[in-house]
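S.K.: Below are the chains, spelled out letter by letter.
2 protein chains.
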Amino acid sequence: MGAGTGISRRQALGLAGAGVAAAGVGTSYVLARDDDAHAAADAYPFHGEHQAGIVTPAQDRLYFATFDVTTRARSELVALLQRWTDAAEQLTRGELVDTGGATTLNAPAADTGEAIGLPPSGLTITFGFGPTLFRDPRDRFGLTDRQPALLQRLPHFPADNLDPRRSDGDVCIQACANDPQVAVHAIRNLSKLAFGAAALRWAELGFGRTSSTSTSQQTPRNLFGFKDGTANLKAENAADLQQHVWVAPGDDPRSGWLAGGSYLVARRIRMFIEPWDRTSLGEQQQLIGRDRAEGAPLSGGTEFTEPDFDSMGEDGKPLIDTASHVTLAHPSRNKGARLLRRGYNFADGNDDLGRLDAGLFFLAYVRDPARQYIPMQNSLSKNDGLMEYLQHTGSGIFAVPPGIEPGEYVGQRLFEA
Amino acid sequence: MGAGTGISRRQALGLAGAGVAAAGVGTSYVLARDDDAHAAADAYPFHGEHQAGIVTPAQDRLYFATFDVTTRARSELVALLQRWTDAAEQLTRGELVDTGGATTLNAPAADTGEAIGLPPSGLTITFGFGPTLFRDPRDRFGLTDRQPALLQRLPHFPADNLDPRRSDGDVCIQACANDPQVAVHAIRNLSKLAFGAAALRWAELGFGRTSSTSTSQQTPRNLFGFKDGTANLKAENAADLQQHVWVAPGDDPRSGWLAGGSYLVARRIRMFIEPWDRTSLGEQQQLIGRDRAEGAPLSGGTEFTEPDFDSMGEDGKPLIDTASHVTLAHPSRNKGARLLRRGYNFADGNDDLGRLDAGLFFLAYVRDPARQYIPMQNSLSKNDGLMEYLQHTGSGIFAVPPGIEPGEYVGQRLFEA
Numbered sequence: 011m012g013a014g015t016g017i018s019r020r021q022a023l024g025l026a027g028a029g030v031a032a033a034g035v036g037t038s039y040v041l042a043r044d045d046d047a048h049a050a051a052d053a054y055p056f057h058g059e060h061q062a063g064i065v066t067p068a069q070d071r072l073y074f075a076t077f078d079v080t081t082r083a084r085s086e087l088v089a090l091l092q093r094w095t096d097a098a099e100q101l102t103r104g105e106l107v108d109t110g111g112a113t114t115l116n117a118p119a120a121d122t123g124e125a126i127g128l129p130p131s132g133l134t135i136t137f138g139f140g141p142t143l144f145r146d147p148r149d150r151f152g153l154t155d156r157q158p159a160l161l162q163r164l165p166h167f168p169a170d171n172l173d174p175r176r177s178d179g180d181v182c183i184q185a186c187a188n189d190p191q192v193a194v195h196a197i198r199n200l201s202k203l204a205f206g207a208a209a210l211r212w213a214e215l216g217f218g219r220t221s222s223t224s225t226s227q228q229t230p231r232n233l234f235g236f237k238d239g240t241a242n243l244k245a246e247n248a249a250d251l252q253q254h255v256w257v258a259p260g261d262d263p264r265s266g267w268l269a270g271g272s273y274l275v276a277r278r279i280r281m282f283i284e285p286w287d288r289t290s291l292g293e294q295q296q297l298i299g300r301d302r303a304e305g306a307p308l309s310g311g312t313e314f315t316e317p318d319f320d321s322m323g324e325d326g327k328p329l330i331d332t333a334s335h336v337t338l339a340h341p342s343r344n345k346g347a348r349l350l351r352r353g354y355n356f357a358d359g360n361d362d363l364g365r366l367d368a369g370l371f372f373l374a375y376v377r378d379p380a381r382q383y384i385p386m387q388n389s390l391s392k393n394d395g396l397m398e399y400l401q402h403t404g405s406g407i408f409a410v411p412p413g414i415e416p417g418e419y420v421g422q423r424l425f426e427a
Numbered sequence: 011m012g013a014g015t016g017i018s019r020r021q022a023l024g025l026a027g028a029g030v031a032a033a034g035v036g037t038s039y040v041l042a043r044d045d046d047a048h049a050a051a052d053a054y055p056f057h058g059e060h061q062a063g064i065v066t067p068a069q070d071r072l073y074f075a076t077f078d079v080t081t082r083a084r085s086e087l088v089a090l091l092q093r094w095t096d097a098a099e100q101l102t103r104g105e106l107v108d109t110g111g112a113t114t115l116n117a118p119a120a121d122t123g124e125a126i127g128l129p130p131s132g133l134t135i136t137f138g139f140g141p142t143l144f145r146d147p148r149d150r151f152g153l154t155d156r157q158p159a160l161l162q163r164l165p166h167f168p169a170d171n172l173d174p175r176r177s178d179g180d181v182c183i184q185a186c187a188n189d190p191q192v193a194v195h196a197i198r199n200l201s202k203l204a205f206g207a208a209a210l211r212w213a214e215l216g217f218g219r220t221s222s223t224s225t226s227q228q229t230p231r232n233l234f235g236f237k238d239g240t241a242n243l244k245a246e247n248a249a250d251l252q253q254h255v256w257v258a259p260g261d262d263p264r265s266g267w268l269a270g271g272s273y274l275v276a277r278r279i280r281m282f283i284e285p286w287d288r289t290s291l292g293e294q295q296q297l298i299g300r301d302r303a304e305g306a307p308l309s310g311g312t313e314f315t316e317p318d319f320d321s322m323g324e325d326g327k328p329l330i331d332t333a334s335h336v337t338l339a340h341p342s343r344n345k346g347a348r349l350l351r352r353g354y355n356f357a358d359g360n361d362d363l364g365r366l367d368a369g370l371f372f373l374a375y376v377r378d379p380a381r382q383y384i385p386m387q388n389s390l391s392k393n394d395g396l397m398e399y400l401q402h403t404g405s406g407i408f409a410v411p412p413g414i415e416p417g418e419y420v421g422q423r424l425f426e427a
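Residue numbers (the working numbering), protein chains in the order written: chain A, 11 to 427; chain B, 11 to 427.
It is possible that some hints are incorrect.
Because identical chains share one entry, a pair is satisfied inside a single copy or across any pair of copies.
[To be verified] Derived SDA-like pairs (lysine to any residue); straight-line CA-CA distance at most 20 Å: (1) Lys244 with Ile279; (2) Lys202 with Pro285; (3) Lys392 with Gly152; (4) Lys244 with Pro67; (5) Lys202 with Asp250; (6) Lys244 with Thr66; (7) Lys202 with Asp358; (8) Lys327 with Asn393; (9) Lys345 with Glu86.
No lab work stands behind these hints, which were simulated from the structure alone.
Note that the structure is a prediction, hence the values are computed from the model and not measured.
Just need the whole structure built from these sequences, with the hints factored in.
M.R.: Take a look at the structure:
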């Protein structure tokens, strides 16, 4: 289905109403097609060289889910990806999900309805494949010889306390939007379309972005109260993206299908905010290596000033502690490794001790997780003073295929190239 | 502290930055006072005849929490309410929490920081007192003789499946805002201020409003995909509010302190959306009694047309089913009872069966829960066909004291009148 030919949620609202009088006596009603100018205003194209939702300026809200594929038939997996592709095209345009055929009162509606009347809201839907899709159990879909060498379950890091019910998955779907109702609606409808072929494994709501992926955005704050991701990769620097985010054609000879894609590392990081809140501001700033108010490195300057790790205080000690987060995570301490971060704050109620179950849902896109994420996380989990105040409780890694052209389905190059 | 004399979060951002150079060498820094025009634009007054957050046009996001009071000393409970009042005044003005004294690096910051730079965002903070505050265990605070006769734990309703970890509480705090970061920040800081006197009992994040409380708002949709609360009470109709929401001075002779307040009923309603989504549109509409697209009653008309329960279809049956939700909840079937609804959609991940743990966090303000809520809920839980698709998993009732004047603390009339 081409752009702009579907049923816009705003149009549906007005025109379906005209069918209501008939609805009471059981007549089916047909919705008109979309020519709504609103729809285009805050819609990102689903098609392109790369999937949307990676370098797209980070939207404010997230709903993230992973799925276990339950069918054993490769053809049914492909059919699922085709259904998901069609629906994702519609959803990102702000249309009702349309699986073909007229809407009648005698059948379930194709679309679950809670986004009727809402604009596209900057929705992006980004798909990724977990390592288990390729080989667990064994080679169920004939994909093992195409598994990227780098797509391996992340190793156990010191202090990990992973909940298997919040980890892994055969497929992940990241829905980002500026309206959470639109993001939740997207995941729910994709889950509905998966019925019989895949089942929801876990889901996480991110209520506020903690990263900027564009120079047009201000740096937001995480639940430690500090600006997060000041040094993030930005969409405007194509050379950085080529070097650090996009898989290049020659990166993995047996996984050419992934060229133009990326790897997504997802980590649910619980923050112990009650003890953090009882830590002095000076200690917090030393642990981070930046001041809280503006996010400037403790060596001086403003937010975007490069930290000077050699700058000494009057007491002869470095102004930026050698075990601070900004030091340990800095490219200069990680062989030049950088990440495209796209994380969100979460708040999932509280635990049995009355502490808020809140923290950072860390999402990062990298070209090479073995070089860009694993060494840094090993270093952080061993040495970062912040580890006293956080715990990784969920984990996943996914190969994110490149974008598609109209007529293709997500992941088609994995199955057919 | 009077309005506009505190430290605005936007001012803090700019001016604290000027103190950063000194921060590295351990000097304390002082923040300037607020004269930020932004602050007033989307701020609701904390003071007034009634608490804000009841008839205030429903903001988009919610964070709701209840607390168990852990101190046994009445004076410490009063001191907590005083701290909460001061902080709520500051937070709703978009200021940093300020507990007095200079901010130094050698002590924890008074404010947790994650809302620095954010405007007031329409934040309202609304406090209520649960029945246990007055007598459990026994008369711990000398309040039993002031417990409102109507403030009683809700009875068990058919099909209730309440989780005690998501029910009850001595005090509730409802934080509503148009930015969830601002709502979460408010609850977190009030929880921090409670340390040693009260402990968080449970918390719920509502990602999208499901009610309008003003004629200026469009009716939103719940996760069944239908418009919710079309017939809600609205702020613009003062006579309705007097009759159905605000406790009048003569309502309860021993609880004069509650005059101008209200009762809050909170119910966490899990929706089983997977089976709902497999139900035909016609069946859904019959269960609700309205059409999905526009929200018009099945007897015809548009959203705000009164349902006509006597209108018959060609088959001789009522167009609106006698067991439909709109019928069972209609004032004509409930001795004229009406509610001020203020609910939110929630999505708390998933359960162990891979179903989304999502639904409606129902909040309603009433003058008399025994007359306005309990009979209706008994009727709904026995007869409403929707009950097949939902389950009440959390519950609380709270007496919401009236608004206060500057210089008063929340609930003062309970303790001192």
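S.K.: My question is about Lys244 and Thr66: at a cut-off of 20 Å on alpha-carbon distance, are they close within one copy, between copies, both, or neither?
M.R.: within (9 Å within a copy, 39 Å between copies)
S.K.: How would you label the pair Lys392, Gly152 (within, between, both, or neither) given a Cα cut-off of 20 Å?
M.R.: neither (39 Å within a copy, 52 Å between copies)
S.K.: Have a look at Lys327 and Asn393 and pick one of within, between, both or neither, based on CA distance no larger than 20 Å.
M.R.: Only inside one copy: Lys327 and Asn393 sit 18 Å apart there, 72 Å across copies, limit 20 Å.
S.K.: Classify it for me, Lys202 with Pro285: is the Cα-Cα distance of at most 20 Å met within a copy, between copies, both or neither?
M.R.: between (41 Å within a copy, 10 Å between copies)
S.K.: From the Cα coordinates, with 20 Å as the cut-off, is the pair Lys244 and Pro67 best called within, between, both, or neither?
M.R.: within (9 Å within a copy, 38 Å between copies)
S.K.: Quick one: Lys244 to Ile279, C-alpha cut-off 20 Å, is that within a copy, between copies, both, or neither?
M.R.: Classified as neither: same-chain Cα gap 23 Å, cross-chain 41 Å, threshold 20 Å.
S.K.: Cα distance capped at 20 Å. Does Lys345 pair with Glu86 within a copy, between copies, both, or neither?
M.R.: Cα proximity of Lys345 and Glu86: none, with 43 Å in one copy and 55 Å across.
S.K.: Please sort Lys202 with Asp250 into within, between, both or neither, judging by C-alpha distance up to 20 Å.
M.R.: For Lys202 and Asp250, neither the intra-copy (38 Å) nor the inter-copy (41 Å) Cα distance is at most 20 Å.
S.K.: With identical chains treated as interchangeable, where does the CA-CA distance between Lys202 and Asp358 reach 20 Å or less: within a copy, between copies, both, or neither?
M.R.: Close across copies (17 Å), not inside one copy (23 Å); limit 20 Å.
Checked against the numbered hints above, the structure violates hints 1, 3, 5, 9; every other hint is satisfied.
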